[in-house]
Every structure is written in C-alpha cells, then in structure tokens.
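Undergrad: Chains as they are written, first to last, in the numbering used here: chain R, 1 to 248; chain W, 1 to 248; chain X, 1 to 248; chain A, 1 to 265; chain S, 1 to 265; chain F, 1 to 265.
Hints are computed from structural coordinates only; laboratory data are not their basis. C-beta atoms are modelled at their ideal positions from N, C-alpha and C, and glycine is treated no differently. Do not rely on the hints blindly, as some may be mistaken.
[What the hints assert, rightly or not] Chain X is faced by these chain S residues, among others (derived, beta-carbon under 7 Å): (1) Gln36; (2) Glu104; (3) Arg107; (4) Glu115; (5) Arg227; (6) Ile228; (7) Cys229; (8) Ala230; (9) Ile231; (10) Gln232; (11) Lys233; (12) Ala236; (13) Leu239; (14) Pro241; (15) Ile245; (16) Ala248.
[What the hints assert, rightly or not] Derived PhoX-like pairs (lysine-lysine); straight-line CA-CA distance at most 20 Å: (17) F/Lys44 - X/Lys178; (18) S/Lys164 - W/Lys46; (19) R/Lys27 - R/Lys6; (20) W/Lys178 - A/Lys178.
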Amino acid sequence: MPKKTKLVNSKGIRTDGRKIDELRPVKLEVGILSNADGSAYIEQGKNKILAAVYGPGEVHPRHLALPDRALLRCRYHMAPFSVQERKSPAPSRREVELSKVIREALQPAIFLERFPRTSIELFIEVLQADGGTRCAGVTVASLALADAGIPMRDLVVACAAGKADGHIVVDLNDIEDKEGEADVPVAYMPNFDAVSLLQMDGILTIEEFEQAISLALDGCRKIYALQKEALKAKYQAIKEEVEGAEEE
Amino acid sequence: MPKKTKLVNSKGIRTDGRKIDELRPVKLEVGILSNADGSAYIEQGKNKILAAVYGPGEVHPRHLALPDRALLRCRYHMAPFSVQERKSPAPSRREVELSKVIREALQPAIFLERFPRTSIELFIEVLQADGGTRCAGVTVASLALADAGIPMRDLVVACAAGKADGHIVVDLNDIEDKEGEADVPVAYMPNFDAVSLLQMDGILTIEEFEQAISLALDGCRKIYALQKEALKAKYQAIKEEVEGAEEE
Amino acid sequence: MPKKTKLVNSKGIRTDGRKIDELRPVKLEVGILSNADGSAYIEQGKNKILAAVYGPGEVHPRHLALPDRALLRCRYHMAPFSVQERKSPAPSRREVELSKVIREALQPAIFLERFPRTSIELFIEVLQADGGTRCAGVTVASLALADAGIPMRDLVVACAAGKADGHIVVDLNDIEDKEGEADVPVAYMPNFDAVSLLQMDGILTIEEFEQAISLALDGCRKIYALQKEALKAKYQAIKEEVEGAEEE
Amino acid sequence: MTSITVSRIRQQQIALLIADGKRLDGRGLMDYRPIQIETGIIEKAEGSARVRLGKTEVMAGVKIGIGEPFSDRPDEGVLTTNAEFVPLASPEFEAGPPGEESVELARVVDRGIRESEAIDLKKLCIVPGKKVFIVFIDIYVLNHDGNLIDASALAALAALMNTKIFKYEVKDDEVEIKPGFTKLPIKNYPIAVTFADINGKLVVDPWLDEEEVMDARLTMTFDKDGRICAIQKGEAGTLSPKQVIEAANIAKEKTEELRKLLVKD
Amino acid sequence: MTSITVSRIRQQQIALLIADGKRLDGRGLMDYRPIQIETGIIEKAEGSARVRLGKTEVMAGVKIGIGEPFSDRPDEGVLTTNAEFVPLASPEFEAGPPGEESVELARVVDRGIRESEAIDLKKLCIVPGKKVFIVFIDIYVLNHDGNLIDASALAALAALMNTKIFKYEVKDDEVEIKPGFTKLPIKNYPIAVTFADINGKLVVDPWLDEEEVMDARLTMTFDKDGRICAIQKGEAGTLSPKQVIEAANIAKEKTEELRKLLVKD
Amino acid sequence: MTSITVSRIRQQQIALLIADGKRLDGRGLMDYRPIQIETGIIEKAEGSARVRLGKTEVMAGVKIGIGEPFSDRPDEGVLTTNAEFVPLASPEFEAGPPGEESVELARVVDRGIRESEAIDLKKLCIVPGKKVFIVFIDIYVLNHDGNLIDASALAALAALMNTKIFKYEVKDDEVEIKPGFTKLPIKNYPIAVTFADINGKLVVDPWLDEEEVMDARLTMTFDKDGRICAIQKGEAGTLSPKQVIEAANIAKEKTEELRKLLVKD
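Use the sequences and the hints to build the structure in full.
TA: This is the structure:
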C-alpha cells in the first residue's frame with residue numbers, strides 16, 4: 001500500500017495533533033447497563049467500547065465446569081457498523097484470536113479459585129473502532145469485572161506503543177495502526193509489574209522494542225489512574241444516592 | 001417492480017376466475033403418512049402442503065423438557081422445488097419466522113399441560129407454494145395434530161385476506177400476494193372467537209384492515225367446515241375398515 | 001471431457017509403465033506417530049496417506065455409547081494441499097461418503113463386542129492423492145488398528161480394478177481413475193473370502209465386472225502379504241529394541 | 001447477580017394491577033416509558049442512533065455498500081435488516097447465529113420500513129441491473145428491558161433519517177467516490193406500537209416483567225399517513241377480533257405521538 | 001406412537017423365514033413391493049415425480065437453473081443431486097444439514113445418472129465456458145419404510161423424464177427466455193436394484209424391518225443396455241465374491257423389469 | 001492408551017528441575033530438541049515441507065491459486081495461512097472447524113511472514129486490480145508434542161522457499177499457463193522462537209509436558225536482519241517487562257541459529 005499520510009510532522013506532532021508520548025483523550029464510565037452484573041464504557045479517541053460481565057454463575061454446558069476455579073469466558077466482538085466497511089456479525093478469525101488474548105490478559109488478575117464450578121462471562125462490544133480496540137477492550141473489561149464485584153488482585157490496564165514515521169509513539173490511532181511501521185499492544189498489572197498481554201506486528205529493532213515497551217507501560221500507568229478515578233466516581237455516586245435516600 | 005398484471009377486472013373477477021370473497025378450491029386429507037403419529041395433506045389453489053406430527057414423546061436434548069407441559073416444536077419448511085427458483089434446503093430467515101408464528105398459532109389450541117416433560121414435534125413441508133402457505137400450513141397442521149390424537153380445545157384454521165387493485169379480497173394467490181397492496185394472514189379458533197396468528201404487510205387504512213379481518217374470518221369459518229368434514233371422513237373410513245373387518 | 005490420454009498402449013503398457021495386472025509400488029510403515037494408540041503410513045504410487053487410531057476409550061458425547069460393543073468412528077479427510085486445486089478443509093460430501101464406506105469396510109474385522117461402551121476413533125489423512133485413496137486408506141487403517149492392539153478377525157485390505165481403454169486393469173492411478181471407463185474399489189478379508197467394501201462407477205458389462213472383481217481380489221492378496229510383512233517388521237523392530245535393552 | 005425471572009407473586013401483582021387499570025411502575029395502560037433518542041453517535045457509520053426506552057437500550061447503525069440489485073428489481077437499491085441480541089444485553093442472550101426471536105425482530109422492523117417505502121430505493125440505483133446501493137441496517141440490542149420491537153423500529157428509522165451517502169460519479173460502469181455527502185432519500189416514517197395482552201387487557205410498551213406474564217403480543221406499524229404498514233402478533237395467547245380493531249385505533253394515535261419525537265412538523 | 005425398532009423376536013422371525021425362502025410380508029425373496037409412480041405432480045418444478053414402494057414414499061423434483069460450467073468441462077451442463085431425509089418421514093430423521101446416510105443416498109442416485117449419461121449434458125451448454133443449464137435433482141423422502149435408494153433412483157429418473165426446459169435465445173451472451181418448452185434430453189435409463197443380505201441370503205427391496213436385521217446392503221444400477229453403471233455396498237456386513245456375481249445377474253433381470261414401469265417399448 | 005495429562009508429581013519434578021537450571025529430558029534451558037526438515041515431500045503441492053521438532057511433527061503445504069486482490073492493495077498477491085489441528089495428532093484434537101488455538105497458531109505464523117515481507121507479494125500481481133496469485137499456506141499438525149508455533153513457522157518458511165509457480169502469459173486479461181516453473185519470490189526469512197515461563201524461569205522450545213505446567217508462553221519472531229517482526233504472548237500467566245527484554249535478546253540469537261537450518265550463507 002502506498003503510504004499516503006505523513007504520520008509525524010517535523011515538529012513531532014501526529015495526525016491528530018498529539019505529541020509522540022501523548023495519549024488520546026480517554027473517557028471511562030462504570031455501571032451503565034442495568035441487566036449485566038457489571039458493565040463499563042470507554043471512549044479512547046474515536047473508539048467506543050462497551051464491556052459487560054455476567055457471573056459468577058452456572059456453567060452451560062455443565063461439563064465445562066472446573067472443579068477448582070471459575071471458568072472465565074470472553075467474547076471480543078465488533079458491531080457491523082463499527083468499521084469502514086460493514087463487518088459480518090459472524091466472528092472473524094481476528095476476533096477469535098483477540099477474545100483469547102484478552103481473556104488471558106485478564107485472567108491472572110481475577111481470584112477465579114474463589115468460585116469453583118461457576119463461570120464468569122465477559123462480553124466486549126466494539127461499537128466504533130479507531131485503532132487499539134484490544135487495549136481499550138482490556139481496560140474497560142477490567143472495570144466491568146470490578147463493577148460486577150469480582151474480586152481482583154489488581155486492575156488490568158492496556159495501552160499500545162509502536163512506530164510511526166520512524167518515531168516510537170504511544171497509543172496508536174487507526175491510521176498509525178494501519179500505515180505505521182509497528183504496533184505493540186501491552187496489558188499490565190501495575191501493582192505487580194506484570195505484563196499479561198503482549199503482541200507485536202510490524203518491524204522493530206530490539207532497542208526500538210524496549211522503547212516501545214517503556215512508552216506503553218507509561219501509557220498504562222496513566223490510564224490506570226483514570227480507571228481508579230472512574231471506579232471512585234461510581235462508588236461516590238452510589239454513596240451519594242444512598243445517603244440522599246437516607247436523608248429523605 | 002412494474003405492476004404488469006391486472007389483478008381484479010372491471011367485473012370484480014380475479015386472475016384465477018374467483019370473486020373477491022371466494023376461496024380457492026381446498027382439498028384436505030387426513031392420515032396419509034404411515035410413520036408419523038398424525039399427518040394431513042392440503043391443496044389450496046396450487047399450494048400442496050404436508051404436515052406430520054410425532055409425539056408426545058421424549059425430549060431431545062433432555063434439558064429442554066418443561067416440568068409443567070409438553071414442549072411444542074414446529075418446523076415450517078419449503079421443498080427446494082416448491083418455488084420458481086430452486087430454494088436452498090437450509091432454513092431461510094423467512095422460514096424461521098414462519099415456524100415461530102405457526103407454532104404460536106397452534107399452541108393455544110393444544111392441551112400441552114396434559115403431557116409434561118414430553119415434546120410434540122410438528123413438521124410442515126411445503127411441496128408447492130402458491131401464496132398463503134403459512135395459512136394453509138396452520139390449517140393442515142391442525143388436522144395432523146388431531147390425527148395424532150393430541151387433545152385440542154378447538155381446531156385452528158387460517159386464511160388470509162388482503163388488497164388487490166384496490167379491492168379487499170380473500171385468500172390471496174401467489175400473484176396477488178406478490179403484486180397486491182396488502183396481505184393479512186389470520187389464524188382463528190372459531191369456537192372461541194380467538195385470533196392466534198395475525199400478521200400484515202402492505203398498506204391498509206384501518207377501515208380496509210377491518211374489512212380484511214372480517215373477510216379472512218369468513219374464509220376461516222368456511223375452511224373450518226372442511227376441516228371437520230375431513231376428520232369425519234377419516235373416522236368414517238376407519239370405522240368402515242373396522243366394521244368390514246368384523247364382518248369378515 | 002475430451003479424452004486426451006492413451007491409457008494403455010498397443011503393448012498393453014499403461015501410462016506409468018505398468019502391465020494391466022500390475023500394482024503400483026506399495027510402501028507400508030507401522031507405528032510412526034507417537035501420540036496415537038496406533039498408526040501407519042502408506043505410499044501407493046504417489047498416494048501418501050496416514051492413519052491413526054485412538055481407543056478404545058471414553059465416548060463423547062456419552063449418549064452415543066453402545067451397551068453391547070464399541071462405537072467405531074472413522075474420518076477420511078484430505079489435506080488441502082493433497083490435490084491439484086487447493087481443497088477446503090471442511091469435509092466435502094465425497095469425504096462424508098468415503099468415511100462411511102471405509103468404516104463399514106473395517107468394522108466386520110474388529111471384535112467390537114469386546115469393548116462395550118467405548119469408542120474407537122480412526123483418522124485417515126490423505127496427504128497426497130493419486131487415485132485409489134479409499135482403498136489405500138482401508139489398507140493403512142487396518143494396520144493402524146492392528147498397531148493399536150485392537151483385536152481383529154483378519155486384516156482388511158483393499159484394491160481397485162477398473163477399465164481403461166477397453167482393458168480391465170488393476171489398481172488405477174489418478175489419470176486412469178479420471179479418464180478410464182470404470183473403477184471398482186474392493187475391500188476384502190482374505191481369510192474369510194469376504195468383501196466388505198464394494199463400489200463402482202463407470203460402465204461395465206457383467207463379464208467385465210467379474211474380471212474386474214477377480215483382478216481386484218488378486219491385488220488385495222498381494223497387498224495383504226505386504227501388510228503382514230509390515231506388521232512383522234514392526235514387531236521385529238520392537239523385539240530387537242527390547243532384546244538390545246536386555247543385553248545392555 | 002441479576003435475575004430476570006419474575007416471581008409468581010410479582011406476576012400475580014402485575015396482572016391484578018392491570019385488571020385494575022394500573023401498572024406496577026406507575027404508568028397508565030397506554031403510556032410509554034420515557035424515550036431518549038440520540039443520533040449520529042457512530043461517526044464511522046453512515047447513519048446511527050441510540051434509543052433508550054426506559055431501561056431498554058437499542059442501537060441501530062446504517063452502513064452503505066455497493067452491490068448487485070435483485071434480478072426482479074434491477075433499478076432499485078437493496079435494503080437488508082439484521083438484529084443482534086448482543087449477549088451483554090441480557091443473561092438470556094447467547095452469542096452465536098441469530099435465534100428465532102432476533103430473526104423475527106429484524107423482519108418486523110424491516111417490514112415496516114419496506115412496506116411504507118420509507119427509503120426511496122429507486123434513487124439508490126447506480127447502474128441499472130448491475131450496481132446499486134445496499135443499505136445495511138444493523139440493530140444492536142444493548143440492554144433488554146422489554147419491548148425491543150418499538151425501540152428497534154425507532155432506532156432504525158432515526159438512524160436512516162441520520163444517514164448520509166457519499167457523492168459519486170459513474171464512469172464506464174465504475175463508481176468513483178467524490179467529496180461530500182447527500183442525505184439518504186427518506187419518503188415515509190413508519191412507527192411501531194406494541195401491545196401486551198395480559199389477562200385480556202391491553203397495555204402498550206410492556207417492560208420485561210410484563211412481557212414475562214403477557215399472553216399475547218401485538219405490534220402495529222403505521223406510516224406517516226395513518227395507514228397500517230405492518231402487523232405482527234406474537235406469543236402463544238390469542239386476541240379477539242374486537243381487541244385487534246381496538247388496538248389498531250389506539251396504535252394509530254400512539255404512532256402519531258411517537259413520530260413527533262423524530263419528525264418535526 | 002409408532003415405533004420403528006424391531007423387536008428381537010421379530011428379527012429372528014424375519015431371519016428364519018428368509019432362511020426358508022419366505023418373507024414376513026409374504027413376498028418371494030426376489031419380489032418387489034407394489035410400485036406406484038406419478039409424474040408431473042409439482043407444476044412449478046420443471047420435472048417431478050412421486051414413487052410409492054410399498055409404504056415407502058419418495059418425491060423427486062427437478063429445477064433448472066443457469067450457471068457456470070465446471071472449468072474442466074466447459075461445454076457441458078451441470079448435474080447436482082441432493083437428498084433430504086425430511087423429518088416427517090421417520091421418527092429417526094432430524095431436521096438439519098444432511099447426515100452421512102442422505103449424502104450417500106444422493107451420491108448413489110447421482111452416480112447412476114451420471115455414469116450412464118442419462119442426461120445429455122452436452123446439449124445443456126448455452127455459451128461454452130460461461131453459461132450452462134444446471135439440473136438440480138432434489139430427492140425428498142416423505143415416508144421411510146425401507147429401500148430408499150431404489151425408490152429415489154426411480155423417482156429421480158421419472159422426474160428427469162418428465163422435465164421440460166424453457167426455450168431461449170442467446171443474445172450477446174445473455175439468455176432470453178422465449179415462450180414454450182422442450183424436453184430435457186435423456187439418453188439412458190439407469191435403474192437401481194438393492195439387495196439385503198440377511199444371514200447369508202439375498203433378498204431384493206428390503207422393507208424397514210428387514211433393513212434393521214440385514215448384515216449388508218448391495219445396490220447395483222444397470223443402464224438400458226444391461227451394463228452396470230453404479231454399485232454401492234452398505235452396512236457393516238460382508239458378501240462373498242460369489243454372492244456379488246450372483247446379485248449382478250439377478251439385478252440385471254430385475255432392472256429390466258423395473259425399467260418397463262418408466263420406459264415403454 | 002496414551003495419556004497426555006501430566007501427573008502432579010511430574011509437574012513438580014519439571015518445575016523443580018527448571019528452578020535448578022535443568023530439564024527432565026536432559027536439555028539445557030535454552031536448547032532446542034533435535035530438528036529435522038524435509039522439503040518437496042508433496043509433489044502435487046507447489047511447495048511443501050515437514051518439520052520434526054523432537055516428537056512434534058508438522059507439515060506445511062503451499063498451493064498457488066489465482067484470484068482477486070484486496071481492493072486496498074490492487075497490485076499485490078494475497079497470502080492466506082490456515083492451520084489444522086488434525087485429530088490424529090493428539091487425543092485432545094477434535095475434527096471440526098478450527099478452534100481458538102489453531103486460529104492463533106495460523107495467525108502468529110502468518111504475522112511473521114507478512115510483517116517481515118518474506119514473500120514479495122508485488123511480484124505476484126498478474127493483472128492489477130483484477131487477477132493476482134493467491135498463496136495458500138496450510139499448516140498440518142501431525143503429532144503434537146509441544147511448541148507447535150516454532151515447528152509450524154519453520155515448516156511454513158521451508159515450504160515457501162521450496163515453492164514453484166507455473167509460468168504464464170496474460171492475454172486479454174486471461175491467464176495462459178505455459179510450461180516450466182519459477183521460484184516463489186522470497187525476500188525475508190522470519191524465524192519464531194517460543195519460550196515457556198515456568199515458575200518465573202524461561203526455557204525455549206517447551207515440549208508438551210512443559211507446556212502443561214507453564215505459566216506463560218512467549219513467541220518472538222525475528223527477520224533475517226535481526227529485527228523483531230512478530231510477538232505473541234499466550235496463556236494466563238504474566239511476565240515482567242525485564243523478562244520480556246531478556247527473552248528478546250535470547251530469541252535474536254536463537255533465531256540466527258535456527259535460520260541456518262534453512263538458509264545457507
């Protein structure tokens with residue numbers, strides 16, 4: 001594909017006006033769907049992603065139940081209208097792979113062993129995709145799990161870094177993802193300095209890769225702060241509601 | 001689509017020679033398949049439809065069994081050769097919808113609560129389609145249920161009315177269905193004055209709709225008489241067979 | 001299709017240099033996959049086929065278990081790269097049929113009644129196809145069953161005969177299969193003079209058919225000798241290994 | 001954990017109240033829950049809308065593609081409507097191919113749009129017999145608290161009204177995309193009203209608990225001129241012919257009310 | 001409720017009688033059940049037939065479409081045969097994609113038609129390499145009382161013989177349909193005869209109870225010139241080579257007998 | 001019968017030994033099992049290879065077809081990679097559509113080839129925007145004893161290097177096949193190295209028993225110039241950032257070692 005776009009200009013500014021180490025605006029909301037046991041919503045750039053959690057609950061079919069812990073299931077799915085050309089609602093191979101790596105990214109944070117013979121179902125729906133949906137998906141799913149009251153060792157947060165026009169940049173947007181030289185999505189548990197998702201495509205030297213990891217982890221830490229704020233805001237809201245009710 | 005056909009001529013006569021309130025010829029036969037627990041066959045115009053019932057019997061898979069009544073399952077299906085262009089045997093979305101509304105049309109007539117934890121399987125096969133297959137399907141399925149000895153509150157009978165060339169007409173044929181202005185299929189239990197299936201597509205004013213309902217119910221009552229005759233004929237035949245056997 | 005190739009020349013020699021009653025070179029190996037309970041490999045002409053057996057073992061799903069014998073399941077499958085134009089890995093109708101006739105060809109040789117409520121799973125993978133894969137598949141599957149220690153009344157062996165350019169020939173290769181006049185695959189248990197697979201397509205008189213059967217059975221007997229050699233070689237190898245170990 | 005199974009006691013309560021002309025959530029029998037409609041929420045879709053009907057939440061996205069016309073309608077664009085019961089919307093929804101309920105939902109919404117000729121499909125022909133625009137409506141149920149049909153029909157219509165098509169030129173039967181957009185040509189505004197029959201009484205806009213106890217469901221879709229363009233009865237109960245006519249008259253009124261949310265005079 | 005499982009006692013009875021040269025339903029070992037063939041019963045299909053073989057009932061419908069030829073046979077029409085075990089035919093049939101038995105049935109019937117060149121596929125070429133007629137044979141099993149293969153092969157052939165193709169003209173590689181019909185060009189008349197081996201004895205046309213006790217099944221299809229054009233052995237039992245040749249000679253005779261039901265001299 | 005479930009005692013043994021810098025099969029932590037590569041074993045495929053990595057056995061076949069390019073890359077051939085967990089390879093593999101593990105395997109192998117631009121796809125364009133070569137890589141797992149990714153990546157690359165394309169001419173946008181073959185244009189040689197993290201220690205090339213006890217899996221693919229072209233972390237465990245960088249440095253070395261098996265200086 002002919003590279004049509006200048007991704008980073010001579011002043012180090014990216015197509016959307018960001019600096020190379022600058023995240024896109026992130027908006028997080030917790031507890032927005034009434035049926036789910038837990039839910040959350042993220043906007044990161046133009047990404048718009050919902051996550052919902054059901055469980056712990058009965059496992060169907062039963063023979064999949066695990067004797068010593070909960071079964072974690074995860075579906076990452078894109079709405080047909082979330083991308084440029086309409087996507088068939090049937091799961092693509094890409095969605096199958098991402099469902100797997102996202103599940104594996106979240107699993108180490110959850111105390112699954114406290115709920116043997118149950119299942120925890122996690123659904124991530126990408127309503128609009130703008131590059132970095134798997135990372136935003138991990139970030140928002142983590143909040144949905146917390147909102148469902150699932151006990152966790154730490155929140156999992158994710159952010160990508162990559163290479164665009166020779167620069168190592170953080171949190172790639174759609175065009176950087178498609179036309180850039182490399183993309184390194186990372187999921188991270190800050191309290192444990194533990195990487196739970198790591199992928200890469202593109203071309204990087206080891207040195208560039210080190211830089212990318214470092215930038216991605218910086219991004220993770222910033223978003224982690226936002227995650228905690230969002231949870232706090234939710235509990236604040238509940239608290240006020242309860243207290244409001246008491247005062248009445 | 002350019003409307004090529006004059007559906008009702010100046011004398012109020014339709015393409016197949018019928019008056020606007022005249023049904024197509026209906027032929028009904030009961031108990032024609034030897035394996036099924038009950039079966040029936042209908043010809044209505046060029047519609048040729050078979051229905052068969054198996055049950056009440058074991059439910060597969062078992063977890064679908066209902067503790068307080070029988071599970072009624074219904075498959076409406078068209079033979080690949082039943083329509084102008086060969087139809088794939090895989091169920092279309094239309095067939096999925098019709099299977100649902102036909103099941104819901106018949107269910108209120110059946111004493112399902114007498115057969116808890118069993119299933120009643122109903123299969124409707126359209127061998128040739130000529131407009132109004134869902135109505136003819138309900139009519140014939142009702143007979144197959146009766147033939148299977150399934151206890152029923154009433155026979156369910158169905159007939160459509162609609163609008164063609166500005167006239168409200170009964171029992172639309174294929175071309176009226178496709179080129180007419182509206183189609184209103186109705187299923188009915190005459191003894192209870194109860195409508196159990198009602199759909200419409202096309203455009204009608206409320207007044208036209210009232211007229212259509214009224215014509216459709218007239219049609220239902222006429223076919224109901226034929227249904228009862230067909231059942232009587234079947235039992236007469238059995239009776240004669242039995243008595244013949246006794247005389248020998 | 002225009003018949004482009006002369007299949008048998010004036011000296012009675014076929015496209016690959018064989019006489020009309022001559023088999024292609026057959027190479028057999030037993031016990032070549034470490035995970036399977038039994039396995040074998042065949043090369044017959046350019047056919048390259050693997051067979052593996054798992055079992056007797058638990059039946060999944062359980063309700064398929066048979067109270068009085070083992071359930072034999074068989075999958076004949078072609079690798080996408082085994083034929084001229086890439087084949088989709090999803091099973092074709094041809095593969096469904098061949099899985100059935102191969103299973104039925106092997107079943108009479110196996111003492112299934114000794115393993116009630118278990119299943120024996122047989123997998124045949126055609127890595128390269130060169131005409132006669134179902135026969136070579138039966139031959140190699142039989143060895144895989146023996147290698148798995150499944151008790152058998154006799155080895156089943158298979159060979160085709162057919163008609164090419166007016167001659168009745170044995171063991172058709174790819175081009176004879178496609179451009180010849182008829183193909184008669186036969187599976188056989190020599191010790192019982194019992195035919196367990198028989199199919200034909202093409203056109204033969206009864207006399208030609210008799211000849212073809214006779215040639216095919218000759219072919220079977222020759223390959224049967226090779227089967228027994230291959231098994232002996234395997235056991236010899238095991239014996240030497242064991243004795244070598246004892247001497248150390 | 002949320003349970004959506006309504007207890008027997010609650011069921012009796014609902015039915016008793018309705019017999020009395022009241023509803024458990026305080027609404028009158030013919031009142032809708034609060035309705036919120038937002039449009040243009042998915043910038044990448046040619047059209048989009050989200051409808052909140054009480055706690056029921058449905059999105060509709062419209063994508064425009066280019067494809068072949070149906071052979072019997074060579075000069076018309078193609079409309080295709082799909083509905084997903086996204087599993088995050090309800091513990092009873094499962095991932096996988098659409099079940100009979102989502103097929104029915106999509107077909108009922110489609111019928112209203114198609115029969116009322118809401119979209120001027122003739123204007124979506126690019127090269128007759130060869131290339132036409134395909135309008136994909138995808139209905140996405142995000143939270144299921146009853147009456148998905150009305151919410152979906154509203155969301156679909158709102159998304160269509162919000163849809164823009166890129167400008168283009170045809171050269172040698174090939175489509176060249178040009179800068180700028182035009183509006184999707186909309187000719188009619190079908191609105192669906194759904195009734196639940198509970199013990200012989202009709203209510204509109206049933207919420208989930210009411211759906212669990214309803215005997216029959218009846219949806220009537222009216223076009224902008226007050227004509228019926230689609231009907232669908234659902235569930236295993238029955239209705240009297242009289243009830244049906246009564247419902248039609250109420251639905252006509254109700255659709256006019258609801259249409260004002262989308263179409264300003 | 002009907003049960004199609006044959007009790008052990010009945011099984012022994014069937015086998016013992018056959019050892020004695022008799023059958024439970026009174027037929028001789030080499031007798032067919034009564035056969036009824038009706039054609040042209042589905043007016044909308046280009047060809048159709050119903051065959052009743054005792055209580056077994058099978059329909060075949062033929063539809064003609066237009067499509068692309070196979071790349072290795074650019075000047076021939078395409079034949080495709082499908083069989084549905086319609087669930088109303090037997091408590092053991094299930095709705096869903098074809099299982100191995102219906103795939104086998106379709107392929108055995110197809111083989112007889114294809115190998116005997118029953119249809120003159122060369123005459124079904126419209127534009128070489130681009131457009132040919134596609135002949136869809138759909139076999140529809142309506143009541144299963146044994147020997148579906150012979151009934152289906154008869155129904156398929158009868159339907160083909162009954163098939164009419166619309167007249168057409170080709171203009172600029174496009175097909176224009178003209179008024180009137182021609183007959184599908186039929187060159188051969190393959191007939192299938194199926195044997196059951198029960199305890200080493202062969203019988204023709206097994207009914208369902210016999211199929212449940214048979215050790216092996218053998219179908220031989222003969223063309224109009226008395227040549228074999230398809231064979232299929234089924235089930236897990238075996239046959240001796242001698243039995244196979246014996247069967248071939250009987251089948252030749254039987255197919256001539258059956259062919260007279262369709263082809264008048 | 002083979003059991004692939006590793007007993008608890010064996011699991012502890014494996015982990016304890018590794019903590020000690022040793023492995024149950026005697027290898028060093030950073031040693032591969034013996035590797036055998038054969039190419040050209042499937043004459044009918046345009047390219048083929050079999051890799052044995054200890055007892056793990058994987059084949060790759062390459063078929064070349066002709067099809068349409070992607071609309072956003074009109075002048076490039078198309079690469080498509082598929083992996084089958086053939087059920088004869090393991091008691092845990094099942095026949096049927098690919099599960100998430102075989103999808104992941106295929107996508108990781110594909111990513112290495114695609115991102116390193118191993119195949120010169122520009123040279124596979126026949127008629128821009130209309131006809132290009134499609135390269136089908138089919139990975140076929142024949143015996144699963146651990147580390148399928150590295151074995152598959154090796155097999156795929158070996159098969160590609162072994163691939164020949166028929167010569168052709170283009171006349172009026174139609175492809176005419178000519179006698180003779182040319183080599184598939186290969187520009188790069190991506191090699192995958194997979195680590196298992198077992199109780200915090202990394203080992204390369206885990207065998208099946210080690211995979212059963214590993215906490216995390218990490219695959220790094222390097223191109224011929226020592227640059228990373230694909231990474232995939234797997235399993236539910238975690239890695240420290242330090243471990244990741246450590247792994248990258250080891251993998252770079254290891255890939256150079258492995259590449260020599262295929263590419264001679």
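Undergrad: State for each hint whether it applies.
TA: Evaluated hints:
{"no.": "1", "hint": "Gln36", "verdict": "violated (29 Å)"}
{"no.": "2", "hint": "Glu104", "verdict": "holds (5 Å)"}
{"no.": "3", "hint": "Arg107", "verdict": "holds (5 Å)"}
{"no.": "4", "hint": "Glu115", "verdict": "holds (5 Å)"}
{"no.": "5", "hint": "Arg227", "verdict": "holds (5 Å)"}
{"no.": "6", "hint": "Ile228", "verdict": "holds (5 Å)"}
{"no.": "7", "hint": "Cys229", "verdict": "holds (5 Å)"}
{"no.": "8", "hint": "Ala230", "verdict": "holds (6 Å)"}
{"no.": "9", "hint": "Ile231", "verdict": "holds (4 Å)"}
{"no.": "10", "hint": "Gln232", "verdict": "holds (6 Å)"}
{"no.": "11", "hint": "Lys233", "verdict": "holds (4 Å)"}
{"no.": "12", "hint": "Ala236", "verdict": "holds (4 Å)"}
{"no.": "13", "hint": "Leu239", "verdict": "holds (5 Å)"}
{"no.": "14", "hint": "Pro241", "verdict": "holds (6 Å)"}
{"no.": "15", "hint": "Ile245", "verdict": "holds (6 Å)"}
{"no.": "16", "hint": "Ala248", "verdict": "holds (5 Å)"}
{"no.": "17", "hint": "F/Lys44 - X/Lys178", "verdict": "holds (16 Å)"}
{"no.": "18", "hint": "S/Lys164 - W/Lys46", "verdict": "holds (19 Å)"}
{"no.": "19", "hint": "R/Lys27 - R/Lys6", "verdict": "violated (27 Å)"}
{"no.": "20", "hint": "W/Lys178 - A/Lys178", "verdict": "violated (38 Å)"}
The structure is inconsistent with the numbered hints 1, 19 and 20, although it conforms to all the rest.
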